[in-house]
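For the protein sequence lines, the chains are A, B and C, in the order given.
Taking full-length UniProt numbering, the leading residue of the first sequence gets 1, the next gets one more, and so forth.
Taking full-length UniProt numbering, the leading residue of the second sequence gets 1, the next gets one more, and so forth.
Taking full-length UniProt numbering, the leading residue of the third sequence gets 1, the next gets one more, and so forth.
Honestly, the hints are just simulated from the structure, not real lab data.
Glycine included, each C-beta is placed from N, C-alpha and C at the ideal position.
Among the hints, a few may not be true.
BS3-like, lysine-lysine: derived pairs with alpha carbons at most 25 Å apart [what the hints assert, rightly or not]:
{"#": "1", "chain 1": "A", "residue 1": "Lys90", "chain 2": "C", "residue 2": "Lys168"}
{"#": "2", "chain 1": "A", "residue 1": "Lys170", "chain 2": "B", "residue 2": "Lys90"}
{"#": "3", "chain 1": "B", "residue 1": "Lys91", "chain 2": "A", "residue 2": "Lys168"}
Distance windows between CB atoms, simulated [said to hold, decoys possible]:
{"#": "4", "chain 1": "A", "residue 1": "Thr60", "chain 2": "B", "residue 2": "Phe206", "range": "46 to 54 Å"}
{"#": "5", "chain 1": "C", "residue 1": "Lys137", "chain 2": "B", "residue 2": "Asp194", "range": "36 to 44 Å"}
{"#": "6", "chain 1": "A", "residue 1": "Lys90", "chain 2": "C", "residue 2": "Ala559", "range": "38 to 46 Å"}
{"#": "7", "chain 1": "C", "residue 1": "Asn236", "chain 2": "A", "residue 2": "Glu129", "range": "27 to 35 Å"}
{"#": "8", "chain 1": "B", "residue 1": "Gln157", "chain 2": "A", "residue 2": "Thr60", "range": "51 to 59 Å"}
{"#": "9", "chain 1": "A", "residue 1": "His380", "chain 2": "C", "residue 2": "Ser553", "range": "53 to 61 Å"}
{"#": "10", "chain 1": "B", "residue 1": "Asp57", "chain 2": "A", "residue 2": "Asp422", "range": "39 to 47 Å"}
{"#": "11", "chain 1": "B", "residue 1": "Gly565", "chain 2": "C", "residue 2": "Gln130", "range": "51 to 59 Å"}
{"#": "12", "chain 1": "B", "residue 1": "Thr23", "chain 2": "A", "residue 2": "Pro208", "range": "34 to 42 Å"}
{"#": "13", "chain 1": "C", "residue 1": "Ala559", "chain 2": "A", "residue 2": "Gly256", "range": "37 to 45 Å"}
{"#": "14", "chain 1": "A", "residue 1": "Gly256", "chain 2": "C", "residue 2": "Ala281", "range": "37 to 45 Å"}
{"#": "15", "chain 1": "B", "residue 1": "Gln157", "chain 2": "A", "residue 2": "Asp422", "range": "39 to 47 Å"}
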Amino acid sequence: MKALLDDLLYGGDYNPEQWPTKTWDQDLTFFQTAHINSITINVFSWALLQPNEKYYDFSTLDQIIKKYAAADFKIVLATSTAAMPAWMFKKYPDVARVDYQGRRHVFGQRHNFCPNSPNYQRLSQKLVEQLAQRYAKNPAVVVWHVNNEYGGYCYCQNCQRAFRQWLKTKYQTTGRLNQAWNLNFWGHTIYNWDEIVVPNELGDAFGPENTVTAVGGLSLDYQRFQSESLLKLFINEKKIIEKINSQVLITTNFHGTPNPDLDYHQWAKHQDVIAYDSYPAYDTPAYQTAFLYDLMRGLKNNQSFMLMESTPSQVNWQAYSPLKRPGQLAAQELQAVAHGADTVQYFQLRQSLGAQEKFHGAVISHANTDQTRVFKEVSHLGQDLKKITPNILHAQSKNQIAIIFDWQSWWACQHIAGITQDLDYQKAVLTYYQAFYQQHLPVDVIGVNTDFSQYKLIMAPVLHLVSGKLAQKITDYVTDGGHFLTTYFSGLVNETDQVYSGGYPGPLQKVLGIWVEETDALLPKHNCPIKFTAGPKINGSLVCDLIHLRQASSLANYAAEFYQGTPAITENHYGQGTSWYVGSQLDAAGITYLIEYLKQKVPTLVPLAVAAKELDITVRYQAKQKYFFILNLSESVQKLPQKFLDGNFKDLLSGKVMTDAALPAWKTLILQQFN
Amino acid sequence: MKALLDDLLYGGDYNPEQWPTKTWDQDLTFFQTAHINSITINVFSWALLQPNEKYYDFSTLDQIIKKYAAADFKIVLATSTAAMPAWMFKKYPDVARVDYQGRRHVFGQRHNFCPNSPNYQRLSQKLVEQLAQRYAKNPAVVVWHVNNEYGGYCYCQNCQRAFRQWLKTKYQTTGRLNQAWNLNFWGHTIYNWDEIVVPNELGDAFGPENTVTAVGGLSLDYQRFQSESLLKLFINEKKIIEKINSQVLITTNFHGTPNPDLDYHQWAKHQDVIAYDSYPAYDTPAYQTAFLYDLMRGLKNNQSFMLMESTPSQVNWQAYSPLKRPGQLAAQELQAVAHGADTVQYFQLRQSLGAQEKFHGAVISHANTDQTRVFKEVSHLGQDLKKITPNILHAQSKNQIAIIFDWQSWWACQHIAGITQDLDYQKAVLTYYQAFYQQHLPVDVIGVNTDFSQYKLIMAPVLHLVSGKLAQKITDYVTDGGHFLTTYFSGLVNETDQVYSGGYPGPLQKVLGIWVEETDALLPKHNCPIKFTAGPKINGSLVCDLIHLRQASSLANYAAEFYQGTPAITENHYGQGTSWYVGSQLDAAGITYLIEYLKQKVPTLVPLAVAAKELDITVRYQAKQKYFFILNLSESVQKLPQKFLDGNFKDLLSGKVMTDAALPAWKTLILQQFN
Amino acid sequence: MKALLDDLLYGGDYNPEQWPTKTWDQDLTFFQTAHINSITINVFSWALLQPNEKYYDFSTLDQIIKKYAAADFKIVLATSTAAMPAWMFKKYPDVARVDYQGRRHVFGQRHNFCPNSPNYQRLSQKLVEQLAQRYAKNPAVVVWHVNNEYGGYCYCQNCQRAFRQWLKTKYQTTGRLNQAWNLNFWGHTIYNWDEIVVPNELGDAFGPENTVTAVGGLSLDYQRFQSESLLKLFINEKKIIEKINSQVLITTNFHGTPNPDLDYHQWAKHQDVIAYDSYPAYDTPAYQTAFLYDLMRGLKNNQSFMLMESTPSQVNWQAYSPLKRPGQLAAQELQAVAHGADTVQYFQLRQSLGAQEKFHGAVISHANTDQTRVFKEVSHLGQDLKKITPNILHAQSKNQIAIIFDWQSWWACQHIAGITQDLDYQKAVLTYYQAFYQQHLPVDVIGVNTDFSQYKLIMAPVLHLVSGKLAQKITDYVTDGGHFLTTYFSGLVNETDQVYSGGYPGPLQKVLGIWVEETDALLPKHNCPIKFTAGPKINGSLVCDLIHLRQASSLANYAAEFYQGTPAITENHYGQGTSWYVGSQLDAAGITYLIEYLKQKVPTLVPLAVAAKELDITVRYQAKQKYFFILNLSESVQKLPQKFLDGNFKDLLSGKVMTDAALPAWKTLILQQFN
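Starting from the given sequences, assemble the full structure and let the hints guide the process.
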């Protein structure tokens, strides 16, 4: 086990190679003014480091590292392999990807290397060898940042060849493959591995990338294969660095909301620390950002993560980028810390003068001065972070409730043709997350391989793909006293996207005590009323499962349609535990009531606070201390819950005991409970 | 003339090759429970039948046929040529189509063979030879189902070569071609046949496939050529089968609403029986489905057709697939019978576990039991169909009114650039169809080559393309006492999409007694009021033709715009008959009033019933019996017209004389008039 | 300097090659009836003129020219190079363009020649040599019309090669290029010119053509390169003609609203006379058409231009083409004359019977008669034009106010990623133009190279790209007493799309006396109130610049948001002049008030009339005469301003002194002030 960071990093991406060296000195002074203690460099420097295949030039990078190391900055050093030099595309066209339309790309943009290009593999690894030999033992380099925001797929001949091999290894015989993917459908039966083609617009696609295709099993395996192909690149770079320095932290920056292309649960095993680029849009609700932070924290079982990128001002890729309001910057950065971040890093420290991101905000803007509003807010936050570092660094987050977020189910849902096009895996998970978040019942976001026994309640909305092993794990969890909740569209398919024969929800029928015969699709804006046996009438939407009770009992019945009076939500006592099935998408009132009900059934579920739905309230623990992060992430004044006004809570930032219930817009409190 | 089916087939598509043989026995029992007497097999089995170019394997198919023949099932045997094996794409890439974007496709999906690929032609015919030799004399095989849902176009070099040859045969000289397509426009004049290129996105297209292109004549001929190329494939397969058994029924399944790619009037001549795959969407109005059935029946001058596919439950390709409500299944299947179907067949008998259609409904669902709601409804309908077979099988449908639906005019309209983009050929036809349907004045849907003398009134909305021969046929029909109605955008172009010089509507000016000088376009949601000389003021939309009366008189004038007071609807007495021209798209009130007027002018037009607009009412005749099909295809109770309550109508299904006016949702009556 | 046209041309595009010769005689008579004195021919005849590479055939063209010359028609002779013959695509595929998707096109459509194809260059020049030798000295040929509506870009290998050479000439070293485009961003650094690739969908594009790309400098240079490549084709054709006849007028027809692909300011230098194809849509507001005419007139410093194309009736490419209302045709043609046109030409004189434009209107319609409404209106206008020719031909238009329209800023804006996607360069310019137009303060539309000293007030909304030289020119203009107004998003980038370091708006900070620190983006339909210091409260939208006053003072402050009370509009006295900066998009009330304010500050700004916002009022001057064009371009009666009713204004068309204030729909007055 490698040692974690020994300080809270404050800094971010810095591209000094875009400016003359005299600018570097000015920048260093600015950074120090702003309490910035770290820089992330070399993210896109391959073309500078290697002007042609035979020649490397590290002189500029040497200078940068030397200057900043001398000034005690902690350096996050990228490997630069995310953007290939122009000469490489010219010399080795296969390094570029072939897109879903079947078109080979040329030099341009970034993040466009084919993961199965032998030339890319060789040239990128050579570069990393050079970098590792030169800098891996440099104590200023505290984290290696491999590549950048891995993502996207390739559909080239090299990938196709490697995919066939991957399938051969996995299925052994074409017969097994034919069966696994049901290839007798539409006469897709194959007899040789080289009859398999990549699933793209020229082949099996029915719509844009990662939507409906003819053979779900094929597409699902292709996603796994591409995710693994990219992961292999990461692992190979990592190994090269570790050969020189086995103790240095190595990671890559995850991204997206989240990234749909990579199974981050699989990737997380290979990261020394999770790093995440967080870019909430101007209209992203705070709970969604919180969810993503909890997801990142959950990837390595609640280990703190790095907030590797975030914007100090506008992003450049939004349709509309309103300025961050005064105070908004600090509040949004501290939300990451509240949910488990141990670094606060920006993209970017200095704003580009030209090219795609020239209007992406920066600590040092085009005005080239420390007299801007943004610079001053960055400095102020730097001071605050310094203040709280002793309390917060490595502090733990840990909850009794978990919600499953699973790339395999997400992927399987993407390829579904039928019933309703509005099925949205992420939305289904977020709906439950949001309800718990607003009730200040914090949840961990976990994968299917996490140890379930840590949790009192596990929710798994739309757990569409359930292997036999997972079904057994769930069953065991409930048998042993666990509480498990799942919904419509769960348990339908196995690992190769084949529906379980014998009734829905396949291998979960037993633990849930039900049989779902049919699923009605509701049109957009249409509802079906649902009446809780001992509660209110609320609305379901999206779908209504037609449920037969086996061992389960009904908590709520449909109150309309030809299935009026039949179960909509069921409860089953199984072994020492209980399981629930929710056959429709509940409205807010429905989920709220369901949570009230669950709180009675799972009595250890106690909210951190009551009311104050607009606040983000979470806790980090260190030693025996408990720090409540209370964030007003709205543009209006909110009311602090009464419990924090009892004289026992002191704000780390102001040093004051809380007495005033009014929490201004964008205000953050970090309350230490001292009694 | 081949003999028609001697029983009403009840069954549908069955793909036993997707399951182990032990499932087959269970399925057979299920089918018998449900009164299913027929299976359609081998639709997508090419890859199974022919693992490579040199080897065929019919063992599985033999087994299936043997088992079901032994159980007295009537088999509809497909030729399997609609989905090519993967090895074929690998070995002969030219079997795949090149799309409108100019991209050669690879293995995937289905229905993607190039009709002019010599390899596809050779290999598909070889397969059919094998099948024919093996099964064509098997008495259990009552219908051959060639290929599947032919459609789509190819734009490859083989097609281009064949197209040039096709043009050379048609036009003889490039000079004639230049003139026919007006190629001096935009300097398109050609001198050699090999200067012609397929009209696609890299050439003459201005928009997506089958929309605006630079040269309408070229695009129109390419559609004819592709339709004929596919038809040739059909004919070739048919010939092979007939060589072995000249008496067996051979067809292919038509589809779409309808399929825009093929001129089904041309295709119909080569079908022994019309077969149609009917998939009304959840929100398809009943009259549209009725129209499609009437169109299918009209393709072979009112010969009964096969309902070759329909879904027992959800389809998998809709945005939203609500469940069929209790009773809806039977009502929808019987609507086909009401309009002339002599089979009721499902896609599918058993639901796939994997791949694209896994959520398409089936008689035997994933639950794998006969205890589902759907299975029970299927069984009940099976019983009912058995009951009515003696009365209904081969019963005739025949009406006095016809509406023309013409692929040539449809195609020509697709390429129009100008006046209004909202011109919609199908909608124009359906608007008139709907009005007559709702007034229970059933119409036959015919082609331009149908014998017109059978009808008292022929309507031809937007008959855009009118050859000189057709103009003469219409003129003769009216001369001989016929009643003919047409509209705006009719008679404008000849067979090569050239506008007739000398005024609109070209060669129809004489029989209509008018000259249309200009056509005003109305914006969406804008109307122009129209006042009937002796009737109400109603609204026109879409376009307003500016009409000069020659011999005609005005029935209605525009009541606004600068052409206020000029004719909007005209009537012309010509020879023994009368013709009408409607210069704008009328609203419902306008068409209703027009029908009232027509009923006075064409006195034999007597509705089957009055009121009850929501009901589908039609008649089939057998011997001297008359069977009224009265379908409530709505979700609410409807009122049965009074005339059926006079004690003279007995329902074939219940055996009861009608006494109650209330017709529940989805209720069907088949009333025999016994007095 | 060549002599200008000695008569007002009335006529337009005529394609007799689409009809048999007997039609030509009839047409000639029709033209004479309609007072048509000119035809534009040979626009798309290449394929007819040159059946193959070795053979030319001018016999048909000879005949046409002979017939019309004999009848005293003035001929506008096109060079036919805009649509290549089919055989040329077959023989030399490189003549066709490669599109933004990377696809080589084939024969079809028109305007699709690659400007850097050596084969196209050679073959087109050879054709023009032949034409020039044959007709350049023919006195009937009064104008040469080179090619047709140049536009669009190519992305082929020939273009790529030529582009690399173009860049090498411009930047000399790759080092300078790397710096100019900031290529160290995303590791785009290049070392050899052949590492540069065209910016298309396979390379640097983030969206459709001419939207966001990774490297703005690259895309901007590619637009310049393509514009110049096409211009070179024009220049080469022109030189060939001038070699034979150095005095004949040579032009090409500009188009679009306007054409976004070509920098017409650069092109205008090479035109003997500006020619413009004007196609206002049915819903184009009259001020937008006026703007385009003023832009065309401004391209050669107020020299009269040719209205080279316009439709006598419907266009064929609109979604909906309502008919022109009675009188509308004349009013719309005369609007061009009012704004500086010295010709009135139609596309087209005779309507095609087939192909893409068969429903585009014509003087002689499909009806093939002179008895149509359109023909009669055309004739009437012909008579009127004859009447006014002595007064109007070569009459000058000249104004005291100018607005800058600059292709370089437009292009630079296209590639911006960030702040707001709603930034619309044209809309920004039009908003100011419209306000002045409606107040009858006519403006000239000029380029950045126009002599500024001619104007009292110059407006430059969103002048995004400002070279150092231009900044100096603006500064000098104000120093010398000029009045200059600019807005948000101005002065941000230099000629290579690099942001000026040191604060916004870069080199305009000094003359404006301000520093803009940040730019807030407003969401669609959101406003920010702005309060004029001594005026009303109005609304800003799109963006709000956060402005620091240096030497400037505030005219108006934001009245909401966290920047409430800070300046929104500033005024700076600089040298002898004044400059204004408008930090947000003002609503109509805001601009109206601003104009009132400017009228006080720039006292020579006196409207031509007050009230009557719906009228188009402009003036042309000849000798000492002043002709007021007063056009009612609306569908309702408007009121003539009182000043024209004082007995001093006589209408050239009716010959009457004005006494009646009511101006019917589509009525035009040409008032000569005789006192």
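Hints and how they fare:
1. A:Lys90 <-> C:Lys168: Within the cut-off at roughly 18 Å; holds.
2. A:Lys170 <-> B:Lys90: holds, 23 Å
3. B:Lys91 <-> A:Lys168: holds, 21 Å
4. A:Thr60 <-> B:Phe206: 46 to 54 Å: holds, 52 Å
5. C:Lys137 <-> B:Asp194: 36 to 44 Å: For lysine 137 (chain C) and aspartate 194 (chain B) the Cβ distance comes to about 39 Å; the hint holds.
6. A:Lys90 <-> C:Ala559: 38 to 46 Å: violated, 56 Å
7. C:Asn236 <-> A:Glu129: 27 to 35 Å: violated, 54 Å
8. B:Gln157 <-> A:Thr60: 51 to 59 Å: Hint holds: Cβ distance 53 Å, inside 51 to 59 Å.
9. A:His380 <-> C:Ser553: 53 to 61 Å: violated, 32 Å
10. B:Asp57 <-> A:Asp422: 39 to 47 Å: holds, 43 Å
11. B:Gly565 <-> C:Gln130: 51 to 59 Å: Once the Cβ atoms are compared, 56 Å apart, the range 51 to 59 Å for glutamine 130 (chain C) and glycine 565 (chain B) holds.
12. B:Thr23 <-> A:Pro208: 34 to 42 Å: Holds: the Cβ-Cβ distance is about 36 Å, inside 34 to 42 Å.
13. C:Ala559 <-> A:Gly256: 37 to 45 Å: At roughly 39 Å between Cβ atoms, glycine 256 (chain A) and alanine 559 (chain C) fall inside 37 to 45 Å, so the hint holds.
14. A:Gly256 <-> C:Ala281: 37 to 45 Å: Since glycine 256 (chain A) and alanine 281 (chain C) have Cβ atoms about 42 Å apart, the given range 37 to 45 Å holds.
15. B:Gln157 <-> A:Asp422: 39 to 47 Å: About 42 Å separates the Cβ atoms of glutamine 157 (chain B) and aspartate 422 (chain A), which means 39 to 47 Å holds.
The structure fails to meet hints 6, 7 and 9 from the earlier list, while all remaining hints are met.
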